[in-house]
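Student: Given chain L's structure and the hints, the job is docking chain S onto it.
Which chain is which? The protein sequence lines are L and S, in order.
Under our numbering, think of the first position of the first sequence as 1, with each following residue one higher.
Under our numbering, think of the first position of the second sequence as 1, with each following residue one higher.
Hints may contain errors.
Unchecked claim - Here's a subset of chain L near chain S, in silico, CB distances under 7 angstroms, partners left out: (1) Leu36; (2) Asp78; (3) Pro80; (4) Asn84; (5) Leu92; (6) Ala94; (7) Pro139; (8) Ser143; (9) Pro207; (10) Asp209; (11) Ala237; (12) Thr254; (13) Phe255; (14) Ile287; (15) Phe293; (16) Val327.
Calculated from the structure, these hints are not laboratory results.
Note that CB positions come from ideal geometry on N, CA and C, so glycine has one too.
Protein chains: 2
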Amino acid sequence: MDQREGLRVTYRMAPVRGESPEQAARRIALEQTVELPDGCYPAEIEERSVGRVDEAKVLADGRWQVTVSYGTGLAPRDVPQLLNLLYGNVSLFADVEVADASLPEDIREWLQGPRFGRDGVRGLCGVETRPLLCSAAKPVGLSARALADRCEALARGGIDVVKDDHGLTDQETAPFAERVERCQDAVTRANSATGHGTLYFPNVTAPVDQVAERVAVARSAGCRGVLLSPFLMGLDALRWLAESSGMVLLSHPTFAGGLARPGHGISAEFLFGTLLRALGSDGVILINAGGRFPVPEEQALATARRLRDPALALRPALPVLGGGVAVAEIPRWIERFGRDVMFLVGGSLYAQGDLERAAQHLLATVSRAAERRP
Amino acid sequence: MDQREGLRVTYRMAPVRGESPEQAARRIALEQTVELPDGCYPAEIEERSVGRVDEAKVLADGRWQVTVSYGTGLAPRDVPQLLNLLYGNVSLFADVEVADASLPEDIREWLQGPRFGRDGVRGLCGVETRPLLCSAAKPVGLSARALADRCEALARGGIDVVKDDHGLTDQETAPFAERVERCQDAVTRANSATGHGTLYFPNVTAPVDQVAERVAVARSAGCRGVLLSPFLMGLDALRWLAESSGMVLLSHPTFAGGLARPGHGISAEFLFGTLLRALGSDGVILINAGGRFPVPEEQALATARRLRDPALALRPALPVLGGGVAVAEIPRWIERFGRDVMFLVGGSLYAQGDLERAAQHLLATVSRAAERRP
Chain L
1 MDQREGLRVT YRMAPVRGES PEQAARRIAL EQTVELPDGC YPAEIEERSV GRVDEAKVLA
61 DGRWQVTVSY GTGLAPRDVP QLLNLLYGNV SLFADVEVAD ASLPEDIREW LQGPRFGRDG
121 VRGLCGVETR PLLCSAAKPV GLSARALADR CEALARGGID VVKDDHGLTD QETAPFAERV
181 ERCQDAVTRA NSATGHGTLY FPNVTAPVDQ VAERVAVARS AGCRGVLLSP FLMGLDALRW
241 LAESSGMVLL SHPTFAGGLA RPGHGISAEF LFGTLLRALG SDGVILINAG GRFPVPEEQA
301 LATARRLRDP ALALRPALPV LGGGVAVAEI PRWIERFGRD VMFLVGGSLY AQGDLERAAQ
361 HLLATVSRAA ERRP
Chain S
1 MDQREGLRVT YRMAPVRGES PEQAARRIAL EQTVELPDGC YPAEIEERSV GRVDEAKVLA
61 DGRWQVTVSY GTGLAPRDVP QLLNLLYGNV SLFADVEVAD ASLPEDIREW LQGPRFGRDG
121 VRGLCGVETR PLLCSAAKPV GLSARALADR CEALARGGID VVKDDHGLTD QETAPFAERV
181 ERCQDAVTRA NSATGHGTLY FPNVTAPVDQ VAERVAVARS AGCRGVLLSP FLMGLDALRW
241 LAESSGMVLL SHPTFAGGLA RPGHGISAEF LFGTLLRALG SDGVILINAG GRFPVPEEQA
301 LATARRLRDP ALALRPALPV LGGGVAVAEI PRWIERFGRD VMFLVGGSLY AQGDLERAAQ
361 HLLATVSRAA ERRP
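Here chain L stands alone, though its shape is the one from the complex (with noise of 0.2 angstroms):
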């Protein structure tokens, strides 16, 4: 590869009989660009195409590390081809997982991060300090009239966020542009009432020739801001949004978990963390411990740190807590996360039947913790 700074991939593998770590990094590094075995190619490729193998060696636990370079010339700012020399091939192999990468900067150049980030979204609520609070207008099945309903109790209740549920698409039973223009109005009907700054998200995730035309939908209805599958969509989906939208983008991680596994894999840190940010997305929803998911709370707080970290040089994005988040329990994640975050919260309020009431609640607790909080 040319003497530029690359994509520089560290992989972790199970040991491979009758190989060394040296001679699995250089088959990674092989099969990842010229896919032909070694010398079956000109020699000058070598230097062009060739991954360059920067490090192989045995971990404590008995795993292999091996970092892998790859010239940045073979992915001309394109995400898809980016992902294939990430984890194209290599993810066919048994037992490997990409640790982590570091995104050079011509790639951060063109892919830019967030537009709106951490700070753009609390400018757009209009709140400075606290987390953010986040809820779902649900379930799919109601009308359009009775989502718009609960989208106003939520807003009126002090939620800073109220999105579609990820699965809301363009069912019957709630079309997609009645739907996104009821629940605009029933939020900026209560934003009048209350003097809230309440943002209504609503989901675009669909088939790839209607996505365009969605985000128009939603910004004619005057929304901010929209919720996007990126794993459904197609990871490309989301720079492409966040170079074209002018929205705020909202992440949620559905689909992916087939491919944020420890062992083979993406890691969470690298997959909803730096990558996801440096897409574009301006808040991305992971899943947090002790809910309706099996996450390590270090693997969520890693996730964070990455959405926010000031190493990588992006604008931070929002680590939106999700994934069953318990109102009584949001005291001790503020102490964990810190207060740059937003809490997406749920079945909890809806478990509590008057949403207005169990949002001002909500509010209410997030604020005094936040206060006792230096």
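Tutor: For chain S alone, coordinates are given in the frame of chain L:
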């Protein structure tokens, strides 16, 4: 869910302490639809939206198997939402895999499957019964001119489909438009000389806002088909290209390895067999046993069966056996897979140096082996 035939998904999972298989099934049915605890929604939503548990049992190996049906109205002509129903949030649970799913008629109706399929590809190549042959122009880093020379040699040697290597996109070394024109011209020239009907398939995997243009360039250069990597692009890109491109679509499995893992993920035979066919792949590159990747032969056979299975009321697709197919092994693979396959042979030809002669030898080997098989 309503009374029509639904999307019926069979999950297999590790037993969960403190839960019965029935409770786990109900938990999945709620998570995938209303995302609310039991009862925290109006009564009519139960019938309208919540997944219906059809089966919950303990398998002989101790794992649980649960089958849940989702009303197809939840995913109206919408592939991302179909994926969300199939394996959305449930992918974030531990150790849950989609073993299989049945695509009901009203989903098949709009997905439509392959537009050319096995017979269409055979017709375009002018090869009625023997196995088809595919190879790749590679490696990345060569000029468009050098890649075109390789296409010409492979076409002269009798390869039926010459495709771009899947890592060739729009790199400076061989820009897309120049490469496509030169490679298609080279193949056309070879066809004039030999009388073969070799096709050239460029790789249109690209940023989401550039795919349509790449396809247009390929079409105007005279290409009849393209290569794409649906797992890098998002699976809906495949459906969209099948609907809109008029091209033969050859799907590559890169990046799918995180998703297609036994124990957690989507079973290879459903993902690469049923789903890629239903979404519109005319040919699916699948990793064969005995090559560079650790795939059991039974898995490759099961995937190939799904691609051609007459029980799925869609055109049969062509299994394209790749992942390190050695020329010498081909007679054995014909015994196993039958003649209705395409062999993707790359490194094994390149290792011989003279591509045209290597291809001729491959064609002769395959023709002889196919004749011996009734």
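Student: State the violated hints by number, sorted upward, taking the hints as numbered earlier in the document.
Tutor: Failing hints, ascending: 8, 16.
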